[in-house]
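J.: Each chain, letter by letter, is given below.
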Amino acid sequence: MLPKGTARRRSDHPLWFLIPALVILVVFFFVPTVFNFVYAFTDWSSFKSAINFAGVDNFTSLFSNGTLLNSLKVTLVYAVLVAFFQNAFGLGLALLLERDTMVNRAVRVAFFIPVIMSALAVGYIFQALLKPDGALNGILGAVFGTSVSIPWLGSTTWTIVVVAVVHAWKWMGLSMLIYLAGLKTINEDVLEAARLDGANRWTMFRAIRFPLLAPAVTFNVATALLGSMNGFDIVQATTEGGPGGTTELLNIFIFRTFGQGLFAQATTMSLVLFLTVTILAFPVIRFLRKREDVL
Amino acid sequence: MKNRFRTALALAAAGALALTGCSDPGTGTESNGPVDWPAQDADLAGTTLTIWAAQNSNTVPESVIAGFEELTGAEVEVVTIPDPYEQGVQTKVATGDKPDLAFWQPTASQLTALNASQNLQPLDDAPWLDAYRPELRDITGTLDGTRYAALITTPAVQGVYYNKEVFAEHGITETPTDWDSFIQLARDLKAEGVTPFHEMAADRWGTQWWVQVQLADAAADGLWDRVNANEEQFTDETVQGAIETYQGLIEEGLFNEDIKTATFEDQGAALLAGDAAMVMQVNSFFGQLQSLADTAELDQKIGFFPISPSGNVGTFIPDQSNALVAFKTGDADREAAARQLLSYWLGDGYEDFVAAQSTVSLQTGVETPADVPQALLAVSDSLADSVGSMQALAIANPDLYIYLADMIQGTKTPAEVAEATQAQFEELAKAQGAEGF
Chain A
1 MLPKGTARRR SDHPLWFLIP ALVILVVFFF VPTVFNFVYA FTDWSSFKSA
51 INFAGVDNFT SLFSNGTLLN SLKVTLVYAV LVAFFQNAFG LGLALLLERD
101 TMVNRAVRVA FFIPVIMSAL AVGYIFQALL KPDGALNGIL GAVFGTSVSI
151 PWLGSTTWTI VVVAVVHAWK WMGLSMLIYL AGLKTINEDV LEAARLDGAN
201 RWTMFRAIRF PLLAPAVTFN VATALLGSMN GFDIVQATTE GGPGGTTELL
251 NIFIFRTFGQ GLFAQATTMS LVLFLTVTIL AFPVIRFLRK REDVL
Chain B
1 MKNRFRTALA LAAAGALALT GCSDPGTGTE SNGPVDWPAQ DADLAGTTLT
51 IWAAQNSNTV PESVIAGFEE LTGAEVEVVT IPDPYEQGVQ TKVATGDKPD
101 LAFWQPTASQ LTALNASQNL QPLDDAPWLD AYRPELRDIT GTLDGTRYAA
151 LITTPAVQGV YYNKEVFAEH GITETPTDWD SFIQLARDLK AEGVTPFHEM
201 AADRWGTQWW VQVQLADAAA DGLWDRVNAN EEQFTDETVQ GAIETYQGLI
251 EEGLFNEDIK TATFEDQGAA LLAGDAAMVM QVNSFFGQLQ SLADTAELDQ
301 KIGFFPISPS GNVGTFIPDQ SNALVAFKTG DADREAAARQ LLSYWLGDGY
351 EDFVAAQSTV SLQTGVETPA DVPQALLAVS DSLADSVGSM QALAIANPDL
401 YIYLADMIQG TKTPAEVAEA TQAQFEELAK AQGAEGF
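The listed protein sequences derive, respectively, from chains A and B. Read in order, the letters of the first sequence correspond to residues 1 to 295 in the numbering used here. Read in order, the letters of the second sequence correspond to residues 1 to 437 in the numbering used here.
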C-alpha cells in the first residue's frame, strides 16, 4: 500500500509524461553513444560503401601505433592544466570582486564576456596576439625597450601551458560566477565568530571560507577537468596540434583521422576518449564529494 | 514503477539498436555504360546546378557561370565549403549529401577518397579531350583506367622559386642543372651571407616538397607503384634517405633562422624582399606573391626552375582548384546538365575563362593571355616532362608534412617520420582494400 501522498503524485504526473524528454534523450544522446560503440568494431571508411564487422582490429592497430597514446597523454596534461588555471583564476577573481559595489559588478561582467565568446574566435585572437611579431611581444618590447620575439606558440615544452592558460582565460568567468555564489552562501555568523576570535583574513580563508566552498570546488574542478578533455576548438585555432605534435589533443587527432576518410578509426578513438572521461570522472567526483563531508 | 521504467529503457535501447543497421548513406547509384553529351547550348531553363568550391576556388567559375546561364537559361549556384575543404566534402558525401559538380584534386588518392566508382560520373568520352595539349591530356584525373576529373587549369609543380635580383647581385647567371649544383649554389650563397632557403614549419604543409622533389628520379622509375603494392616502404632507403638529406640541409644552416615559427605569409614576404634566395614551393605560393606585388614587379624579381636529383624535372601535384568532378546524383537530367556545363567550360567558354583568370591555357586552340606572369609560364613549361608527386601517384596521401614539421620542431627523428608515414599509409591502404596490405 502506497502512502497517500505518493498515490496522488502518481496520478498528477503519469509516467508517459516522460516520453517527450525520453525521446530527445534517446535520439540525441543514447543512439549516438550506441553508434559510437558499434562503428568502432567495423571497417567504415570513405573508400567503400559496404560496412563490415572488423572485430577489435581498430583497437589493436591504434594501440600499437604510438600516436594515440601520445594524444591521450597530451589530453590528460592539458585537462589538468586547464582545471588548475581556470580554478585559480576564477577563485582569485571571485575573492577580488566579492563585494557588491558598482565597479565590481561592471568588472564581473567584463570577465564573463569571454565565456559567451566563440571559442574559435578566442583561439584566433590569441594566435594573433602570441605570434613572434604579435601584440604581446610588441607590448613587452615597448616596456623593456628592446625588440622581443618570443615564439609563445612555438615551444615544444611550454606551448601546452600557454594554450591551457588561453582555455582557462576563456572559461574563468564561469568559475568566478560559481565561486561568487558559493561565497554568498557562507553564513555571516560563522565569519563574525571567527573575526571575534581574532582570526586574520588568511586564516579565515584557509580554515573557514575555502572548506565551506567545497561544493563550488567540486563543480568547478569536475567541469573544467572533464570539459577540457573534450577540448578542440581553442587548440585547433591556436596551434592545430603543433609544434611537433605537443598539443595534439585526442579530438584533434580524431578530426585528422576522420578527415583522412578513416571513419571507423576516428569512431574508435572517440570511444576511447568517452571511456577515458568516464573512468576518470568517477574517482575525481567521488574524491571531491568526499571533501564536502565537512559541511 | 521501477520495473516499468526499466521496460521503457529496454525498449528504447532496442529501438536504438534497430536504428543501427549497418549501411553507409553515401552509397551512390549504379549507372554505368556510355552516356550522351548534350550540346553546349541545349536549353536548361528551370534547371539549377550546384558547384561546391573551397574558399580559394569559389570565384574561379564566375565567368563560366555567367556565360553558361546566359546561353542555356540554367541557374548555377556556387556553395563554399569551409576549409579544410577535402575533409568537409568527404564527410558530406559520406552522409549522402552531394552537389552536381565540385572542385576536387584529380589524383588517384583523392578520387579514391571520394569512392569515385560509386559517386562520380565517368568522363571517358568527353568532347573536350582532343582539345587539350597532347602532353597534358592524360596527365591526371583517372582512377583504374576511368577518367573522373576534368582538368581546367595547369596542375601545380613543385620546384624552386628564386629571387632574380639576389641571384644577379651574387653573379649567378645560370640556374642549377641538378641537385648537386643546386646545393652547391646554396652553400656559395650562404658563404656570402645570404640565407639560401626559406621554409615555413609553423604552417607545416610546405615541408613535404623538399622530400618529394628528391624522389623525382625514383618516381619516374616506378617508386609509387612499388609503394602502392607494399613492395617498398617509406622506411626504405629511398624515402627515408630523402628525409635525412632534408634534415641535414636544415642542420647545416641553409634555411632561415626562424624556420620553426615561420608561416606561409612570412615565406612570400621573405622571398620578395630578398631575405632568402630560394623557396621550394608550388603554384599557390605564387598566388601568395601575386597578393603582395603586381605582375611587372614579379616578372622582374621572381623566377622558377624545377629540380630533381639528376636534372631539372618537375614534380607535379594537381590541387583542388585545378579540376572538377561531376557527381552521380541519381537525377539523369541534372547529371546531363552537369556534363553540359563541363563541355561549355572546356569548350566555348574556355577562352573567356582563361582570360578572366589570367591563367595558362591547357588547350592548343586557346591562347594563353599576355598578362600571365613569366614564372607561371615557366611552371607550365616544366609540366610536359614532369613526374607525379606522392599525391598524384600513391593510392593514399599520408600526413608526411605534419611528421616533417614535427622533425623540424625536434620531436621526431627522420626514422620516426618515415615510420609514422608508413604506418598511416598502411592504415589507409588497408581501409581501401588495396592488395598487399
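The hints are simulated quantities; they were obtained by calculation from the structure and are not laboratory data. One thing to keep in mind: the hints can contain errors.
[Claimed, not checked] Here are the simulated lysine-lysine pairs, DSBU-like style, with alpha carbons at most 35 Å apart: (1) B:K92 to A:K48; (2) B:K301 to B:K164; (3) B:K164 to B:K190; (4) A:K290 to A:K184; (5) B:K164 to A:K48; (6) B:K430 to A:K73; (7) A:K48 to B:K301; (8) A:K73 to B:K92; (9) B:K98 to B:K430; (10) B:K190 to B:K92; (11) A:K290 to A:K48; (12) A:K48 to A:K73; (13) B:K92 to B:K301.
J.: Has the given pair, K290 (chain A) with K48 (chain A), been kept, meaning a C-alpha gap of at most 35 Å?
T.: violated, 51 Å
J.: What's the verdict on K190 (chain B) and K92 (chain B), does the C-alpha distance respect the 35 Å limit or exceed it?
T.: violated, 49 Å
J.: Hinted pair, alpha-carbon criterion (35 Å max): K92 (chain B), K301 (chain B). Please report holds or violated.
T.: Between K92 (chain B) and K301 (chain B) the Cα gap is close to 43 Å, so the pair fails against 35 Å, i.e. violated.
J.: For the pair supplied as a hint, K98 (chain B) and K430 (chain B), is the alpha-carbon distance within the 35 Å limit?
T.: Cα-Cα ~26 Å, so holds.
J.: Take the C-alpha atoms of K73 (chain A) and K92 (chain B), compute the straight-line distance between them, and say whether it is at most 35 Å.
T.: Holds: K73 (chain A) and K92 (chain B) sit about 31 Å apart, inside 35 Å.
J.: When you check the alpha-carbon spacing of K92 (chain B) and K48 (chain A), does it fall within 35 Å?
T.: The given pair, whose Cα atoms are some 15 Å apart, holds under the 35 Å limit.
J.: For the pair supplied as a hint, K164 (chain B) and K190 (chain B), confirm whether the alpha-carbon distance does not exceed 35 Å.
T.: This hinted pair holds, its Cα atoms lying about 16 Å apart.
J.: Could you grab the alpha-carbon distance between K48 (chain A) and K301 (chain B) and see if it respects the 35 Å cut-off?
T.: violated, 48 Å
J.: For K290 (chain A) and K184 (chain A), compute the direct alpha-carbon distance and say whether it is at most 35 Å.
T.: holds, 22 Å
J.: For the pair supplied as a hint, K164 (chain B) and K48 (chain A), is the alpha-carbon distance within the 35 Å limit?
T.: violated, 49 Å
J.: Does K73 (chain A) lie within 35 Å of K48 (chain A) when you go C-alpha to C-alpha?
T.: holds, 33 Å
J.: CA of K301 (chain B) to CA of K164 (chain B), is that 35 Å or under?
T.: With Cα atoms ~5 Å apart, K301 (chain B) and K164 (chain B) stay inside 35 Å; holds.
In this structure, the earlier hints numbered 5, 7, 10, 11, 13 are contradicted, and the remaining ones agree with it.
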